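**Q** With the hints as constraints, model all of the structure from the sequences given.
There are 2 protein chains.
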Amino acid sequence: MLYMGVDLGGTGIKAGVVSENGEILSKGSTPTMKERPYQDIIRDIAALCEKVAGQANVTMDEIAAIGVGVPGICDAKTGIIPFCTNLGWHDVPFIAEMHKYLPNRVIVDNDATVAGYAESIAGVSRGTQSSVFITLGTGVGGGIVIGGRPYSGVHGIGSEIGHMIIKMDGEPCTCGNKGCFERYASATAIIREAKRAVEKHPESAILARCGGNSEKINAKIVIDCAKEGDATAKQVFDDYVKALAHGIVSLFNVLDPEVIVLGGGVSMAGEYLLDAVRAAVKPLVFFKTLPYPSIQLARLGADAGIIGAALLGRE
Amino acid sequence: MLYMGVDLGGTGIKAGVVSENGEILSKGSTPTMKERPYQDIIRDIAALCEKVAGQANVTMDEIAAIGVGVPGICDAKTGIIPFCTNLGWHDVPFIAEMHKYLPNRVIVDNDATVAGYAESIAGVSRGTQSSVFITLGTGVGGGIVIGGRPYSGVHGIGSEIGHMIIKMDGEPCTCGNKGCFERYASATAIIREAKRAVEKHPESAILARCGGNSEKINAKIVIDCAKEGDATAKQVFDDYVKALAHGIVSLFNVLDPEVIVLGGGVSMAGEYLLDAVRAAVKPLVFFKTLPYPSIQLARLGADAGIIGAALLGRE
Numbered sequence: 001m002l003y004m005g006v007d008l009g010g011t012g013i014k015a016g017v018v019s020e021n022g023e024i025l026s027k028g029s030t031p032t033m034k035e036r037p038y039q040d041i042i043r044d045i046a047a048l049c050e051k052v053a054g055q056a057n058v059t060m061d062e063i064a065a066i067g068v069g070v071p072g073i074c075d076a077k078t079g080i081i082p083f084c085t086n087l088g089w090h091d092v093p094f095i096a097e098m099h100k101y102l103p104n105r106v107i108v109d110n111d112a113t114v115a116g117y118a119e120s121i122a123g124v125s126r127g128t129q130s131s132v133f134i135t136l137g138t139g140v141g142g143g144i145v146i147g148g149r150p151y152s153g154v155h156g157i158g159s160e161i162g163h164m165i166i167k168m169d170g171e172p173c174t175c176g177n178k179g180c181f182e183r184y185a186s187a188t189a190i191i192r193e194a195k196r197a198v199e200k201h202p203e204s205a206i207l208a209r210c211g212g213n214s215e216k217i218n219a220k221i222v223i224d225c226a227k228e229g230d231a232t233a234k235q236v237f238d239d240y241v242k243a244l245a246h247g248i249v250s251l252f253n254v255l256d257p258e259v260i261v262l263g264g265g266v267s268m269a270g271e272y273l274l275d276a277v278r279a280a281v282k283p284l285v286f287f288k289t290l291p292y293p294s295i296q297l298a299r300l301g302a303d304a305g306i307i308g309a310a311l312l313g314r315e
Numbered sequence: 001m002l003y004m005g006v007d008l009g010g011t012g013i014k015a016g017v018v019s020e021n022g023e024i025l026s027k028g029s030t031p032t033m034k035e036r037p038y039q040d041i042i043r044d045i046a047a048l049c050e051k052v053a054g055q056a057n058v059t060m061d062e063i064a065a066i067g068v069g070v071p072g073i074c075d076a077k078t079g080i081i082p083f084c085t086n087l088g089w090h091d092v093p094f095i096a097e098m099h100k101y102l103p104n105r106v107i108v109d110n111d112a113t114v115a116g117y118a119e120s121i122a123g124v125s126r127g128t129q130s131s132v133f134i135t136l137g138t139g140v141g142g143g144i145v146i147g148g149r150p151y152s153g154v155h156g157i158g159s160e161i162g163h164m165i166i167k168m169d170g171e172p173c174t175c176g177n178k179g180c181f182e183r184y185a186s187a188t189a190i191i192r193e194a195k196r197a198v199e200k201h202p203e204s205a206i207l208a209r210c211g212g213n214s215e216k217i218n219a220k221i222v223i224d225c226a227k228e229g230d231a232t233a234k235q236v237f238d239d240y241v242k243a244l245a246h247g248i249v250s251l252f253n254v255l256d257p258e259v260i261v262l263g264g265g266v267s268m269a270g271e272y273l274l275d276a277v278r279a280a281v282k283p284l285v286f287f288k289t290l291p292y293p294s295i296q297l298a299r300l301g302a303d304a305g306i307i308g309a310a311l312l313g314r315e
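As given, the protein sequences belong to chains A and B, one line each in that order.
Start counting the first sequence at 1; every next residue gets the next number (the working numbering).
Start counting the second sequence at 1; every next residue gets the next number (the working numbering).
Hints listed in this document are in silico derivations from the structure and should not be mistaken for laboratory results.
Everything numeric in this text was worked out from a predicted model, so none of it was measured.
Take the hints with a grain of salt, since some may be wrong.
You can't tell identical chains apart in this list, so a pair holds if it fits in one copy or across any two.
Stated by the list, open to error - Straight-line C-alpha distance at most 27 angstroms; calculated DSSO-like pairs for lysine-lysine:
1) K77 x K216
2) K77 x K282
3) K288 x K77
4) K288 x K34
5) K288 x K178
6) K51 x K200
7) K227 x K242
8) K242 x K77
9) K34 x K77
10) K234 x K178
11) K195 x K216
**A** Written as structure tokens, this is what we have:
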């Protein structure tokens with residue numbers, strides 16, 4: 001059985017033909033040009049699907065289903081996308097629109113959810129039945145797998161783990177609340193805290209690395225400086241890891257999955273981040289002598305979206 | 001099919017014969033006397049099962065399974081109870097010990113989990129497939145139902161929602177961390193905050209109600225005073241509701257169940273609490289125009305433990 005996976009992003013659309021066990025047979029991409037009407041974007045998605053099918057020498061008849069990862073909320077039952085802030089979409093009848101071009105079964109789900117699902121089939125959490133995938137990017141996304149299937153809650157608003165509140169009355173969040181996990185565990189949080197820190201510590205290597213312009217600070221610069229021993233960067237990194245660990249332990253205490261998978265831009269810090277997070281989590285674990293979820297780095301990288309979306313089509 | 005449900009508590013053991021759909025046919029109880037060796041307690045549990053079966057005019061042969069709700073962590077696979085702080089139990093081979101007296105299949109799970117399961121079968125969340133039950137008592141317990149079945153995570157350490165961290169670096173918790181949900185949403189939190197408040201506001205009705213002795217403050221007194229318009233009590237109650245709402249919204253954003261059920265001692269405040277919680281949750285909801293989980297009061301009261309434990313036996 002073959003499946004089509006589509007990773008719909010704010011900048012680009014990627015699609016690929018994927019095998020039953022998550023191997024990509026062909027893939028391609030096209031720019032989103034998100035200012036356009038959704039009808040134009042969806043027409044391009046359908047055309048891209050046909051193109052990558054052709055690259056794999058299969059017809060669309062041979063594609064069991066098309067799965068689509070969307071950077072927003074999906075109503076899997078109706079196929080309507082109520083919210084996709086990134087694309088400015090609101091109540092877009094995605095599946096109906098796709099069916100104007102292609103007759104295949106179409107399944108939609110949140111992009112972080114499908115990336116987490118991909119890792120659980122073909123990535124680091126392969127073979128597990130329950131996992132939580134955390135994307136550490138501009139925001140913090142979540143992908144929950146329970147019983148071997150993606151879990152997005154009853155109203156499609158679950159697995160928004162970036163909006164667990166870990167510090168009531170804390171940093172204001174884009175969602176309107178204060179103290180969301182995202183405000184402490186995203187790349188954006190590292191940048192915010194580094195900017196604050198270099199005001200007090202202009203001697204920090206962070207500022208030198210940015211040519212003295214704190215507007216150029218990014219998460220990689222801060223983590224690189226921390227690795228190299230810069231005290232200010234190390235403090236920002238340690239605070240970041242502490243908050244990330246608190247969110248992870250909350251997930252332990254609620255969901256207790258087999259594995260927590262760290263993905264997204266910040267996870268590129270690799271073992272340096274992973275070792276620090278594991279060390280920070282350990283003393284926070286509730287039942288110290290019982291086994292608890294392992295924490296791992298995502299493995300599929302940029303392909304996770306295509307693979308996970310495609311595998312939504314597996315029944 | 002008939003099932004036996006056992007509710008094992010620190011003070012008393014309750015057991016009952018329960019029908020397929022959660023109706024109690026007979027019930028009884030015996031004191032726990034928790035200082036005794038676990039062997040003695042489990043012998044009494046087995047004897048109580050036989051007694052209540054007799055009251056329902058059935059033999060133990062007619063009981064499909066014995067479910068037991070335990071105030072601790074359970075390893076459902078091995079039947080061992082690794083932790084039960086309340087009883088001072090550690091690695092107790094519960095099922096093996098029960099089988100010395102009765103041949104029936106025995107299933108163990110956490111007491112809050114089984115109470116939540118009971119509500120989802122025979123109580124306020126009847127007919128739902130996913131719910132989160134929150135016991136607002138001395139601590140805060142959690143019972144998660146997903147796909148119509150109790151969910152305690154992979155290592156049996158999930159659904160400990162009292163230990164989600166809602167205020168990093170906040171009030172110290174018995175678990176060793178700081179800022180756990182339990183520290184803000186338990187009856188204990190109401191009492192702690194009321195004691196602090198009456199030091200500043202000795203004119204509060206709370207203190208009068210306790211004969212001037214703040215050691216006699218309990219959650220009911222504080223909530224009663226709040227209802228009657230005492231400003232100090234109202235502030236304590238409002239802060240409590242705010243924290244409870246923040247924890248509930250975190251559960252929305254992670255699990256997005258059909259319903260959140262409030263049980264435990266504080267929930268006896270009834271509609272006064274429910275209305276306040278619903279009002280506090282509303283502005284915190286992430287997707288304001290989408291449906292979100294409903295919040296309800298538990299209905300089964302003290303019988304939830306027996307019913308839910310019994311229904312663990314249903315396959």
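**Q** Any hints from earlier that this structure breaks? Give me their numbers in increasing order, please.
**A** Hints 1, 6, 8 contradicted; others consistent.
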